[in-house]
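Engineer: Sequence:
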Amino acid sequence: AFSVRPGIAIPPSLLNMYKELENTIPGFTRPNHGYLESWARQGVLLLNTVLTVRAGQAHSHASLGWETFTDKVISLINQHREGVVFLLWGSHAQKKGAIIDKQRHHVLKAPHPSPLS
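For reference, each letter of the sequence shown is one residue, going 245 to 361 in this note's numbering.
Rather than coming from a laboratory, the hints here were simulated on the basis of the structure. Treat each hint with caution, since some may be false.
Quick list of in silico lysine-lysine cross-link-like pairs, DSS-like style, CA-CA up to 27 Å [stated by the list, open to error]: (1) 263 <-> 339; (2) 316 <-> 263; (3) 340 <-> 316.
Just need the whole structure built from these sequences, with the hints factored in.
Structural biologist: Written as structure tokens, this is what we have:
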């Protein structure tokens, strides 16, 4: 969702995520790249509520069924895992909190990291 190959400029949203990590985790050093493979290897899943858009048109594919798909992904994680930390960035993601069992998982909410939000 936010990762880019080495040598490609770090997306503004990911820069904002790095800044938040710097501000909240003592000793965190901001990487000089946007390649998040190490996060994936640690089990981090970055999941947008809608997985595609028309270039330059935010939310343009919001009515194409992606929400049903991402709801199912979240529901399966909710049902088959314990103690997952869900960080819901932005209002679209925060609506997904309704399908997460807060007794079994940790749900954190924050504004979306995009500089446009």
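Engineer: Confirm or reject each hint.
Structural biologist: Right, here's what the structure says about each hint:
| no. | hint | result |
| --- | --- | --- |
| 1 | 263 <-> 339 | holds, 25 Å |
| 2 | 316 <-> 263 | violated, 31 Å |
| 3 | 340 <-> 316 | holds, 11 Å |
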